[in-house]
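J.: Protein chains in written order, with the working numbering: chain W, 1 to 365; chain B, 1001 to 1305.
Quick caveat, the hints were computed from the structure, so don't treat them as lab data.
Every residue gets a Cβ at the ideal spot worked out from N, C-alpha and C, and that includes glycine.
Among the hints, erroneous ones may be present.
As the list claims (entries may be wrong) - Calculated cross-link-like contacts (lysine-lysine; reagent style DSBU-like; alpha-carbon spacing at most 35 Å): (1) B:LYS1072 <-> B:LYS1272; (2) W:LYS286 <-> W:LYS169; (3) W:LYS286 <-> W:LYS179; (4) B:LYS1072 <-> B:LYS1258; (5) W:LYS179 <-> W:LYS169; (6) W:LYS105 <-> W:LYS179; (7) B:LYS1201 <-> W:LYS172; (8) W:LYS105 <-> B:LYS1201; (9) B:LYS1201 <-> W:LYS169.
As the list claims (entries may be wrong) - Away from chain W, derived, C-beta distances all over 10 Å, residues of chain B: (10) PRO1189; (11) ILE1239; (12) THR1260; (13) ARG1274.
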Amino acid sequence: MESIAVELRNVTKRFGSVVAVDAISLRIRDGEFFSLLGPSGCGKTTTLRMIAGFEQPTEGDVFIAGQPVAGVPAFERNTNMVFQNYALFPHMTVAQNVAFGLEMKRVPSAEISRRVTEALDMVRLPGMQNRRPNQLSGGQQQRVALARALVNRPEVLLLDEPLGALDLKLRKEMQLELKDLQHRVGITFVYVTHDQEEALTMSDRIAVMHLGDVLQVGTPTEIYERPCCRFVADFIGETNFLEGQVMGREDGHVTVIIPPDIRIQVAAHDEVAVDQPITVAVRPEKIRLVKEPLTSAGNCVPGVVQEVVYIGTDTQFLISLAGGVMIRVRQQNRISASEQFAYAGERGEQVYVAWATDSALLLGE
Amino acid sequence: MALVDHERNAGGWTSRLFRRFRGGTTGPVLGLISPAALWLLAFFLIPLVIVLLVSLGQRGDAGQVVYTWTLKNYARFFSQIGGRYLYVEIFARSLFIALLNTLLCLLFGFPLAYFIARQPRNRRNALLLLVMIPFWTNFLVRTYAWMVILRDTGIINNLFLTLGLIIQPLPLLFNRGAVIVGLFYGYLPFMVLPLYASIEKLDFSLVEAAHDLGANALRTFQRVILPLTMPGIVAGSIIVFIPSIGAYVTPDLMGGAKVTMIGNLLQQQFLKVRDWPFGSAVGFILMLTVLGATLLYFRSGGKTL
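Just chain W, same shape as in the assembly (with noise of 0.2 Å):
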């Protein structure tokens, strides 16, 4: 069986008459990199603050390793946290700041000074201990921050947007480097952004919330090719949504009429009735540009070229259907500019948009 780092189990949070976190349950596991995912206001930030001790849940249970943590202080918790401002103790030195919890433990001041030298090579800033916070750039104060709750070796680390306030080079960067400096410790990290990109680039698993309500939980591939609701395909890249009508179902095949007569095929599991009103939802990216109708199985539907936007790895193209259906599609530039020249679309120009059967979702609701 699977060790579980840490449980929710219905756990709920009201301020007031809000509520902030409405009754979730999840469970990360040991050693994973787990996203809390959504918008502002879906209750990512609230959540992780439940785990890490600074708010008590209304209602249901929170475990760190098997444990329930209700009523336990967060200065006695087994947890570390990354604040979005980082939090430096702007009085300290640098080895100061990252010694700070070793103290608190009362740990030798030999092994704590040698943890802390540890500490501020495994995040790079080796030979930084008797600079100040304010003497460091943001992209340093972060790696401080991140030395300063790694070197208690906790069970979990809590990072609320940690990358927020850098710019996207830095933090693209930083990306790469959480994930790796993750792998090498083990620890578990749960990972709080609004930022769908970067939860998809980190997690080994993501939670989609919204309106204090955990969507999906699941792998980025699933998240982003098995979406569970319109509001996740729409929240996770960008997805084109085709409002229909069941007409049939034959052989895991569903075709839907979009009005005013487009019709598509869409492979389908799940069980779905006739005349249901449904949403078709496909990716941008997953759709072929052609000039001449398709004669293979699949999608293929005529349309006229609205727009044309070049941005350097790809191009857009804004495609309107019969019946003013509008329909976006993505294609990598991966020929050379002069033959995607012959190849692209130009504005007014007749095209045909095919996908295949099984790159098309049906969502209910």
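The hints should help you fit chain B onto chain W, whose structure is shown.
T.: Chain B only, in chain W's frame:
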């Protein structure tokens, strides 16, 4: 007391000015500071020199100042009179009461300021207003109000007598305790405001970070809250200590004639005995003590004046 305040403020100014001059200041800068320099000269330096000169004189038969250039007044302050070091005792008593009052204001003011700073923003302003409301009433009136509360036939004694808890009125007024109550009441807001200003600036995620790293409430206070709010503690303590040691109205009214502090001694010398030279000497000693204490305190707080 006003005199003391002047001297305190100016002490900082002059030493700073001094540093400027030593740093080889040139013409234009001198021109820029000349209004301030003139102000200091007229309202601080000249009066100070006058006090110093007077303190070196002696009282004439008619109470006038006779300039005899003597240190007798200073010697008198530190000498035995009728077997007691009377003036040194008064001085020590003032110092003790002022220090005790500062400590009490700090002990009670800190939790109050912390509580206010942790409230939602709109409630904070309302609470600060409550702290400042007593200032809307004259200090004398408030002191008399305390006397009404504490006297033998006052509210407290009347209540206890009626309830039969005591047979005789408790001696609540006209003693050292009453003076300390009066000073504590009068100067607590002066402690709360600078403390609030520095606690309000404290980033409370640092407190959470300390808890997160295993520090309980006491150690979080020692290691994080206290060092980061030290500027407010230093400022509040100085603002309370200086007027406390020179207090005159409170010991006069609430101490009766029994608790003489430096302020009362000064008043007696200038207005009753009309010994201006000795009064000036006492004033000078007080000023030097306050200056020394303040410097010492700043140093201990890791700051330089």
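J.: Which hint numbers does the structure go against, in order from smallest to largest?
T.: Violated hints: none; all satisfied.
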